[in-house]
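Kindly generate the complete structure, drawing on both the sequences and the hints.
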Amino acid sequence: MLLHTVNKSPFERNSFAQCMGHAKKGSSVLLIEDGVFAALKGAANESVVSNAIGDIGVYVLGPDLNARGMTDEDVIDGVKIVDYTGFVELAAEHDVVQSWL
Amino acid sequence: MSEEDYEEDGEMNGKKFLYVNRRGPYGTVYALESLEVVLIGAAFEQDVSLAFMDDGVYQLKKGQNTDGMGMKNFSPTYRALEMYDVEKLFVSKESMDERGLTTEDLIVDVEVIDNAAMADLMEDAEVVLSF
Numbered sequence: 001m002l003l004h005t006v007n008k009s010p011f012e013r014n015s016f017a018q019c020m021g022h023a024k025k026g027s028s029v030l031l032i033e034d035g036v037f038a039a040l041k042g043a044a045n046e047s048v049v050s051n052a053i054g055d056i057g058v059y060v061l062g063p064d065l066n067a068r069g070m071t072d073e074d075v076i077d078g079v080k081i082v083d084y085t086g087f088v089e090l091a092a093e094h095d096v097v098q099s100w101l
Numbered sequence: 001m002s003e004e005d006y007e008e009d010g011e012m013n014g015k016k017f018l019y020v021n022r023r024g025p026y027g028t029v030y031a032l033e034s035l036e037v038v039l040i041g042a043a044f045e046q047d048v049s050l051a052f053m054d055d056g057v058y059q060l061k062k063g064q065n066t067d068g069m070g071m072k073n074f075s076p077t078y079r080a081l082e083m084y085d086v087e088k089l090f091v092s093k094e095s096m097d098e099r100g101l102t103t104e105d106l107i108v109d110v111e112v113i114d115n116a117a118m119a120d121l122m123e124d125a126e127v128v129l130s131f
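Residue numbers (this note's numbering), protein chains in the order written: chain D, 1 to 101; chain W, 1 to 131.
To be clear, the hints were calculated from the coordinates, so they are not data collected in a lab.
Careful, some of the hints might be misleading.
Covered by chain W, per the in silico footprint, the following chain D stretches (three or more residues, Cβ under 8 Å) [stated by the list, open to error]: (1) 25-37; (2) 52-58; (3) 66-76; (4) 85-92.
In the DMTMM-like style, the derived pairs of lysine to aspartate or glutamate whose C-alpha atoms are separated by at most 20 Å in a straight line are [claimed, not checked]: (5) W:K62 - D:D74; (6) W:K15 - W:D47; (7) W:K61 - D:E73; (8) D:K41 - W:E94; (9) W:K61 - D:E93; (10) W:K72 - D:D83; (11) W:K72 - W:E36; (12) W:K88 - W:E126; (13) W:K93 - W:D114; (14) W:K62 - W:E82; (15) W:K88 - W:E123; (16) W:K61 - D:E33; (17) W:K61 - W:E87; (18) W:K72 - D:D95; (19) D:K80 - D:E33; (20) W:K61 - W:E104; (21) W:K93 - D:E46; (22) D:K24 - D:D95; (23) W:K61 - D:D95; (24) D:K41 - W:D105; (25) W:K61 - D:D72; (26) W:K62 - D:D95; (27) D:K41 - W:D97; (28) W:K15 - W:E45.
For every residue, glycine included, the Cβ atom is placed at its ideal position computed from N, Cα and C.
Put into structure tokens, the structure is as follows:
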């Protein structure tokens with residue numbers, strides 16, 4: 001199974017949209033760096049994330065989220081927050097990592 | 001800058017500078033670089049305005065905490081700009097709306113303007129620096 005990572009803002013690049021278009025049921029998506037902006041409530045792409053949850057595991061890197069002034073309360077329901085250890089575990093659990101740079 | 005920009009005593013004429021910030025903080029170095037240039041520019045007593053649009057509005061988000069990430073949290077510096085007479089901060093209404101942000105979410109007082117007013121601000125500037 002595949003782990004997708006996205007490190008670009010969904011407002012600035014199409015990496016996130018492309019990732020979601022290619023993420024199959026059962027795969028996971030981890031949002032890091034400016035990719036964390038895709039995990040936030042109230043932003044334009046919120047429905048893309050909330051519709052995908054259930055079929056796809058959506059994760060966000062906590063330290064990158066906190067650096068940008070956001071906490072777990074700002075994150076779309078169902079998105080899981082992980083720390084660096086969680087990042088490593090996700091990478092280890094999945095067969096392949098696809099980075100949408 | 002040409003020689004005409006300088007008075008005989010070496011002092012510079014105050015020009016209208018506009019810094020346009022369009023990137024989020026930390027993901028790239030643009031936000032920090034912009035802030036550093038603003039602070040350097042402020043020492044020359046120019047007429048400085050800062051504009052924040054697109055992901056640039058995230059630079060001003062309250063509650064930034066970089067402890068877990070190992071980078072310096074430079075957001076308190078925006079609050080210090082006042083001391084350098086940098087007081088004209090503008091944010092794009094469209095960019096705020098698109099991100100579900102309000103002025104309550106920001107660490108400094110700003111003027112929220114729409115894209116038409118932002119375009120006027122750019123037209124009005126004598127120097128535009130983009131980050």
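Structure-based check of all given hints:
Residues of the region 25-37 of chain D with a Cβ under 8 Å from some Cβ of chain W number 3, which satisfies the need for three, so the listed coverage holds. Against chain W, the region 52-58 of chain D contributes 0 residues with a C-beta closer than 8 Å to a partner C-beta. That does not satisfy the three-residue criterion, and the hint is violated. Counting residues of the region 66-76 of chain D whose CB lies closer than 8 Å to any CB of chain W gives 6, so the stated coverage by that chain holds, three being the minimum. With 0 residues bearing a CB less than 8 Å from a CB of chain W, the region 85-92 of chain D misses the requirement of three and the coverage assertion fails.
Straight-line distance between C-alpha atoms of K62 (chain W) and D74 (chain D) comes to about 12 Å, which keeps the hinted pair within the 20 Å bound. Pair hint K15 (chain W) plus D47 (chain W) holds up; C-alpha atoms about 6 Å apart against a cutoff of 20 Å. Using a Cα cut-off of 20 Å, the hinted pair K61 (chain W) and E73 (chain D) holds, with the two alpha carbons roughly 15 Å apart. Pair hint K41 (chain D) plus E94 (chain W) holds up; C-alpha atoms about 17 Å apart against a cutoff of 20 Å.
About 34 Å separates the Cα atoms of K61 (chain W) and E93 (chain D), which puts this hinted pair outside 20 Å; it is violated. A hinted pair counts as satisfied when its Cα atoms are at most 20 Å apart, and K72 (chain W) with D83 (chain D) qualifies at roughly 19 Å. A distance of roughly 14 Å separates the Cα atoms of K72 (chain W) and E36 (chain W); the hinted pair therefore holds under the 20 Å criterion. Note on K88 (chain W) and E126 (chain W): the hinted pairing holds, with a Cα-Cα distance of about 15 Å set against a maximum of 20 Å.
A threshold of 20 Å between alpha carbons decides the hint, and for K93 (chain W) with D114 (chain W) the separation of about 5 Å falls inside it, so the pair holds. Taken as a hint, the K62 (chain W) and E82 (chain W) pair is honoured in the structure, with Cα atoms around 17 Å apart against an allowance of 20 Å. A C-alpha spacing of about 16 Å is found between K88 (chain W) and E123 (chain W), which places the hinted pair at or below 20 Å, so the restraint holds. Distance check on the hinted pair: K61 (chain W) and E33 (chain D) sit about 15 Å apart at the alpha-carbon level, within 20 Å; holds.
Note on K61 (chain W) and E87 (chain W): the hinted pairing holds, with a Cα-Cα distance of about 17 Å set against a maximum of 20 Å. About 34 Å separates the Cα atoms of K72 (chain W) and D95 (chain D), which puts this hinted pair outside 20 Å; it is violated. Our distance criterion of 20 Å between C-alpha atoms is met by K80 (chain D) and E33 (chain D), whose separation comes to about 15 Å. Between K61 (chain W) and E104 (chain W), the direct Cα distance comes to roughly 9 Å. Compliance with the 20 Å bound is thereby established for this hinted pair.
Under the criterion of a C-alpha separation no larger than 20 Å, the hint pairing K93 (chain W) with E46 (chain D) is consistent with the structure, at around 19 Å. Using a Cα cut-off of 20 Å, the hinted pair K24 (chain D) and D95 (chain D) holds, with the two alpha carbons roughly 14 Å apart. This hinted pair does not check out: K61 (chain W) and D95 (chain D) have alpha carbons roughly 37 Å apart, beyond 20 Å. Restraint check for K41 (chain D) and D105 (chain W): satisfied, since their Cα atoms lie roughly 13 Å apart, inside the 20 Å limit.
For the suggested pair K61 (chain W) and D72 (chain D), the alpha carbons sit about 15 Å apart, so the restraint of at most 20 Å is met. With a C-alpha separation of about 38 Å, the suggested pairing of K62 (chain W) with D95 (chain D) is violated against the 20 Å cut-off. Between K41 (chain D) and D97 (chain W), the direct Cα distance comes to roughly 12 Å. Compliance with the 20 Å bound is thereby established for this hinted pair. A distance of roughly 9 Å separates the Cα atoms of K15 (chain W) and E45 (chain W); the hinted pair therefore holds under the 20 Å criterion.
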